[in-house]
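K.L.:
Residue numbers (numbering that gives the first Met the number 0), protein chains in the order written: chain A, 0 to 328; chain B, 0 to 363; chain C, 0 to 326.
Hint data in this document are derived by calculation from the structure and do not stem from the laboratory. Note that CB positions come from ideal geometry on N, CA and C, so glycine has one too. A hint or two may mislead.
Capping the alpha-carbon separation at 27 Å, the derived lysine-lysine pairs in DSS-like fashion look like this [stated by the list, open to error]:
#1 226/B - 184/C
#2 250/B - 184/C
#3 184/C - 271/C
#4 147/C - 152/B
#5 111/C - 184/C
#6 298/B - 184/C
#7 208/C - 53/C
#8 198/C - 223/B
#9 197/C - 226/B
#10 130/C - 184/C
#11 223/B - 197/C
#12 298/B - 197/C
#13 147/C - 250/B
#14 13/C - 226/B
#15 53/C - 13/C
#16 208/C - 147/C
Pulled a few chain B residues facing chain C out of the computed Cβ check, cut under 7 Å [unchecked claim]:
#17 224
#18 229
#19 236
#20 243
#21 244
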Amino acid sequence: MSNLIAWIIRAIPFGTIIMYGAMGEILTEKSGNLNLGVPGIMYLGGFAGFASAFYYENNASAPNGAVCVLLSLVCCVAASMLGGLIYSFLTITLRANQNVTGLALTTFGMGIANFFGVFILNGKSYTAAPLANSAYAHKLPFLSGLGAVGQTVFGYGFLVYAAIVLAVALHLFLNRTRVGLNLRAVGENPATADAAGISVTRYKYLATCVGAGISGIGGMYYVLDYNSGIWATTGQIEALGWLAVALVIFTTWRPLNAVWGAYLFGVLYWLYQFLPSLLGFTVASYVTDLVQMVPYVVTIVVLIVGSLHRKKENQPPAHLGLAYFREER
Amino acid sequence: MSDIQIKEPLIRVVKRDQASMRQKIAARGAAILLALVLDALFIFFVTGLNPFSVYGVMFQGTFGTKVRFSWAVRDLVSLLCVGIALAPAFKMKFWNVGAEGQVLMGGLMTALIMVYWGDRLPAPALFAVMLLTSVAAGAVWGLVPAFFKARWKTNETLFTLMMNYVATSFVACAVNIMRGQASSLGKLNMGSHAGWFPTVFGQRYNINIIVVLILTFAMYFYLKYTKHGYEISVVGESENTARYAGINVAKVIMRTMAISGAVSGLCGFLIVCGRDQTISTTTAGGNGFTAIIVAWLAKFNTFYMALISFLLVFLQKGAAEIASAYSLNDYAASIITGIILFCILGSEFFINYRVIFRRERRAK
Amino acid sequence: MKADGKSVVIITHKLHEVLAISDRVSILRKGEYVGSVKTAEADESLLTEMMVGKKVALNIERPEPVNPVKRLEVRNISVVSEEGVSILSDISFDVYGGEILGIAGVSGNGQKELLEAIAGLQPVAAGGSIKYYNEPGGSEPPMEVVGKNPRIIRNAGIHMSFVPEDRLGMGLVGSMGMTGNMMLKSYDRGRGFLTDRKKPQDLAESIMKELGVVTPGVNTPVSRLSGGNVQKVLVGREISESPIVLMTAYAVRGLDINTSYTIYDLLNRQKKKGVAVIYVGEDLDVLLELCDRILVLCGGRVSGILDGRKAAKEEVGLFMSGGRRIE
Numbered sequence: 000m001s002n003l004i005a006w007i008i009r010a011i012p013f014g015t016i017i018m019y020g021a022m023g024e025i026l027t028e029k030s031g032n033l034n035l036g037v038p039g040i041m042y043l044g045g046f047a048g049f050a051s052a053f054y055y056e057n058n059a060s061a062p063n064g065a066v067c068v069l070l071s072l073v074c075c076v077a078a079s080m081l082g083g084l085i086y087s088f089l090t091i092t093l094r095a096n097q098n099v100t101g102l103a104l105t106t107f108g109m110g111i112a113n114f115f116g117v118f119i120l121n122g123k124s125y126t127a128a129p130l131a132n133s134a135y136a137h138k139l140p141f142l143s144g145l146g147a148v149g150q151t152v153f154g155y156g157f158l159v160y161a162a163i164v165l166a167v168a169l170h171l172f173l174n175r176t177r178v179g180l181n182l183r184a185v186g187e188n189p190a191t192a193d194a195a196g197i198s199v200t201r202y203k204y205l206a207t208c209v210g211a212g213i214s215g216i217g218g219m220y221y222v223l224d225y226n227s228g229i230w231a232t233t234g235q236i237e238a239l240g241w242l243a244v245a246l247v248i249f250t251t252w253r254p255l256n257a258v259w260g261a262y263l264f265g266v267l268y269w270l271y272q273f274l275p276s277l278l279g280f281t282v283a284s285y286v287t288d289l290v291q292m293v294p295y296v297v298t299i300v301v302l303i304v305g306s307l308h309r310k311k312e313n314q315p316p317a318h319l320g321l322a323y324f325r326e327e328r
Numbered sequence: 000m001s002d003i004q005i006k007e008p009l010i011r012v013v014k015r016d017q018a019s020m021r022q023k024i025a026a027r028g029a030a031i032l033l034a035l036v037l038d039a040l041f042i043f044f045v046t047g048l049n050p051f052s053v054y055g056v057m058f059q060g061t062f063g064t065k066v067r068f069s070w071a072v073r074d075l076v077s078l079l080c081v082g083i084a085l086a087p088a089f090k091m092k093f094w095n096v097g098a099e100g101q102v103l104m105g106g107l108m109t110a111l112i113m114v115y116w117g118d119r120l121p122a123p124a125l126f127a128v129m130l131l132t133s134v135a136a137g138a139v140w141g142l143v144p145a146f147f148k149a150r151w152k153t154n155e156t157l158f159t160l161m162m163n164y165v166a167t168s169f170v171a172c173a174v175n176i177m178r179g180q181a182s183s184l185g186k187l188n189m190g191s192h193a194g195w196f197p198t199v200f201g202q203r204y205n206i207n208i209i210v211v212l213i214l215t216f217a218m219y220f221y222l223k224y225t226k227h228g229y230e231i232s233v234v235g236e237s238e239n240t241a242r243y244a245g246i247n248v249a250k251v252i253m254r255t256m257a258i259s260g261a262v263s264g265l266c267g268f269l270i271v272c273g274r275d276q277t278i279s280t281t282t283a284g285g286n287g288f289t290a291i292i293v294a295w296l297a298k299f300n301t302f303y304m305a306l307i308s309f310l311l312v313f314l315q316k317g318a319a320e321i322a323s324a325y326s327l328n329d330y331a332a333s334i335i336t337g338i339i340l341f342c343i344l345g346s347e348f349f350i351n352y353r354v355i356f357r358r359e360r361r362a363k
Numbered sequence: 000m001k002a003d004g005k006s007v008v009i010i011t012h013k014l015h016e017v018l019a020i021s022d023r024v025s026i027l028r029k030g031e032y033v034g035s036v037k038t039a040e041a042d043e044s045l046l047t048e049m050m051v052g053k054k055v056a057l058n059i060e061r062p063e064p065v066n067p068v069k070r071l072e073v074r075n076i077s078v079v080s081e082e083g084v085s086i087l088s089d090i091s092f093d094v095y096g097g098e099i100l101g102i103a104g105v106s107g108n109g110q111k112e113l114l115e116a117i118a119g120l121q122p123v124a125a126g127g128s129i130k131y132y133n134e135p136g137g138s139e140p141p142m143e144v145v146g147k148n149p150r151i152i153r154n155a156g157i158h159m160s161f162v163p164e165d166r167l168g169m170g171l172v173g174s175m176g177m178t179g180n181m182m183l184k185s186y187d188r189g190r191g192f193l194t195d196r197k198k199p200q201d202l203a204e205s206i207m208k209e210l211g212v213v214t215p216g217v218n219t220p221v222s223r224l225s226g227g228n229v230q231k232v233l234v235g236r237e238i239s240e241s242p243i244v245l246m247t248a249y250a251v252r253g254l255d256i257n258t259s260y261t262i263y264d265l266l267n268r269q270k271k272k273g274v275a276v277i278y279v280g281e282d283l284d285v286l287l288e289l290c291d292r293i294l295v296l297c298g299g300r301v302s303g304i305l306d307g308r309k310a311a312k313e314e315v316g317l318f319m320s321g322g323r324r325i326e
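Produce the complete structure using the sequences and hints provided.
P.N.:
See below:
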């Protein structure tokens with residue numbers, strides 16, 4: 000039983016990381032932009048959040064947890080949005096190919112984060128921002144003490160709950176507001192949206208930059224909460240970024256699905272560690288390597304099934320990945 | 000007739016008819032220049048060093064010594080090989096983002112045969128079997144997403160992307176089994192050297208270079224002068240036109256992706272036998288993704304791909320050199336590469352479109 | 000709306016429409032403003048002169064069909080769309096060599112699907128048949144077209160050409176030049192692995208000269224050419240195959256006056272050679288001037304087949320909206 004709890008406690012935060020990544024990308028993709036730079040953006044956000052908290056902690060006279068949180072959030076979102084801006088400028092204004100631009104951004108973001116990270120690391124293999132971590136990981140005061148339920152449901156840092164709230168907000172925005180409807184129109188058929196007077200350019204820019212900001216929070220959550228506030232030169236964030244991209248497909252571009260989908264991926268990811276002991280047998284380590292592919296295989300199955308049935312509601316936005324040029328209508 | 004004032008926007012963008020070669024070179028040249036300036040600024044702000052001396056050091060990274068140059072060519076060839084694999088798929092507008100996985104599967108088959116049959120087959124037979132299985136493995140890895148795209152229009156970008164991670168998982172598992180109790184998998188068949196490429200002109204990977212050179216010409220020829228190549232162009236342009244012409248679109252998609260995957264698998268074979276003599280999840284080393292950028296920028300022309308691959312490898316080697324010389328870290332290469340790519344991608348705009356500024360006009 | 004005080008702008012090249020309902024006419028040519036006239040003071044020849052730049056006589060020849068022989072026998076063709084909607088129901092008609100058969104109907108009544116079915120691009124419901132007569136009245140039996148795709152049709156010796164409605168999206172490869180496009184149906188010929196570029200290049204050059212295609216060269220991507228020149232390339236290629244049946248869908252849609260008349264002329268020359276020409280068009284006036292017989296489609300059915308020389312415009316219009324029906 001304690002194994003199951005331990006599994007859930009690991010799965011949920013893991014899911015939260017990719018939930019942010021996926022939600023941001025859903026927003027971006029609804030506007031028709033396929034941003035394969037999500038891993039890079041998560042790097043940028045994660046690093047910016049960490050670095051700002053780190054410098055504040057070590058240089059302020061009486062560092063305050065709340066200020067830490069605020070500062071790192073602001074820096075994280077700013078850095079991520081900057082990444083989104085680069086992508087937007089290249090693909091919307093300069094009409095560059097989206098796939099290639101996204102991949103370049105991933106390379107770039109990872110480079111920036113790890114390169115500047117080295118300066119902070121200063122020769123050590125890892126470094127930490129403990130105050131920020133405790134601020135983020137601060138659990139709900141009373142409820143988290145309520146035994147198993149308390150641990151599994153209420154025992155997480157505030158960003159976990161914020162993610163769920165954000166998913167609901169995103170769902171309402173996309174499906175119940177006029178602006179959300181306009182955004183979806185832009186992604187499905189920009190020519191028609193343009194003719195209806197919607198500023199395609201503005202919507203794409205905003206959706207991509209805001210989406211990037213949201214994805215970046217995922218990266219920051221990884222560093223400051225999930226990884227206990229420790230920064231090290233790593234490729235882990237990239238893997239998480241691609242998992243987030245997979246999650247977008249899995250959710251068929253619906254933010255609400257991102258909630259349980261992300262947690263499901265988290266459960267699957269930690270499957271190899273907890274399932275054997277849960278079921279009472281040991282498994283050779285090479286089998287756990289194979290289990291790592293499960294989330295991706297599940298996503299492939301979703302892709303295939305989605306294309307088999309071709310139900311309109313489950314398709315990606317019709318103009319995903321294509322640039323819009325008014326004269327070519 | 001009344002005076003009609005025409006209101007023109009400040010900046011207008013118009014698609015260009017055809018950019019002359021001079022304009023293309025000018026745009027690309029400007030892009031690289033801009034990138035170099037941005038990079039110099041970056042280097043200066045971060046390290047306080049004179050950018051020119053830093054560039055000088057970068058130059059050393061590739062051209063400093065004969066050995067360094069040889070290594071540069073070796074890495075160039077690995078990257079170029081994947082680019083060649085992507086060329087037919089991209090020409091068909093099939094976005095094969097799965098080269099990384101296809102390379103890994105090819106390399107995996109090679110490694111497995113090397114380890115388990117290395118002592119049972121004479122060298123020529125061993126190489127033949129390794130070659131055939133890696134090509135087949137890569138082809139299958141490419142064929143699966145192609146089949147679903149051809150039959151049910153499944154999105155190939157996302158499918159091939161996911162296949163990468165499935166392949167990585169297989170490789171991790173195999174490496175785990177093969178290394179047994181050891182902490183890491185070193186070079187395979189250390190004792191017998193079974194399955195290692197023989198040294199030619201001093202290096203084992205020179206065979207890689209020769210093979211890729213041949214492939215460069217072969218793929219260029221295949222795409223430009225053969226009936227298959229023509230079909231690929233038509234399908235890439237418009238499926239409707241292809242059907243109208245009587246081309247079997249599904250067959251062309253699958254055949255082309257089988258070839259694309261096969262060449263990637265071959266690349267894996269070359270890397271394992273010629274360069275690393277071992278397999279790991281990083282065997283493809285991100286080349287699968289970088290090659291996408293190479294193939295795209297080169298507009299699927301394999302000779303341009305060679306040039307662009309060389310530029311990228313030069314940057315990587317240079318950055319590694321800077322890292323060791325100035326105690327930075329070689330992630331600087333990613334930053335520099337990223338900036339150059341952004342600039343080149345941006346320059347595409349000026350090649351394809353014209354920017355017109357407003358002139359005040361009064362028309363009758 | 001005009002009576003309500005609203006401004007109405009109509010963009011059209013149909014002169015009789017303009018003369019009938021407008022108050023003023025402004026003419027644009029090659030992206031430049033030529034002039035405006037009051038409709039009351041204008042007539043067709045003045046407007047044409049402003050549109051084209053010089054005085055042109057616009058009439059379409061209609062030679063009598065000589066020795067028409069049956070080339071296509073279409074029976075019971077029905078097409079159902081993916082969503083289950085019936086697009087064509089039980090279409091039957093004959094097409095003769097040496098004549099132009101027009102197909103009239105409001106756009107979207109199954110014309111596209113009908114031509115594509117004959118070309119082998121559109122699957123038809125069971126029971127339909129399209130027979131092609133290579134040697135009508137002679138020893139050879141007719142060949143069945145239904146169930147074959149374009150390549151099989153070609154290889155079976157059925158000489159059919161098709162100028163589709165979607166020129167750059169179906170009939171041509173936009174990124175290739177004239178040479179590359181000439182090869183579209185013939186690239187597969189000859190043994191061996193390699194494509195032959197010499198013959199297509201020669202063909203491209205001869206079409207360029209004969210039809211006056213305005214292009215920097217035979218290798219300039221055809222997507223860069225103007226609409227009229229694109230159509231010349233397409234029609235030129237289809238005619239060069241020496242077809243026995245030639246189908247065209249909206250052959251002059253969006254084209255300037257000069258090119259339109261070039262196309263009519265080309266079709267007439269084919270007709271005189273004994274080719275069976277099918278002309279799907281939307282301009283009733285052209286149909287009544289050009290075609291020998293006019294088949295009217297409405298709601299996916301054949302409303303009627305009229306004599307092109309004797310029919311009245313109102314009659315055709317009536318058929319188009321499903322008015323009368325010939326059993």
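K.L.:
For every hint, state whether the structure bears it out.
P.N.:
Now the hints, each set against the structure:
no., hint, verdict
1, 226/B - 184/C, "12 Å, holds"
2, 250/B - 184/C, "17 Å, holds"
3, 184/C - 271/C, "25 Å, holds"
4, 147/C - 152/B, "23 Å, holds"
5, 111/C - 184/C, "20 Å, holds"
6, 298/B - 184/C, "26 Å, holds"
7, 208/C - 53/C, "23 Å, holds"
8, 198/C - 223/B, "17 Å, holds"
9, 197/C - 226/B, "14 Å, holds"
10, 130/C - 184/C, "22 Å, holds"
11, 223/B - 197/C, "14 Å, holds"
12, 298/B - 197/C, "25 Å, holds"
13, 147/C - 250/B, "17 Å, holds"
14, 13/C - 226/B, "44 Å, violated"
15, 53/C - 13/C, "18 Å, holds"
16, 208/C - 147/C, "35 Å, violated"
17, 224, "5 Å, holds"
18, 229, "5 Å, holds"
19, 236, "5 Å, holds"
20, 243, "5 Å, holds"
21, 244, "5 Å, holds"
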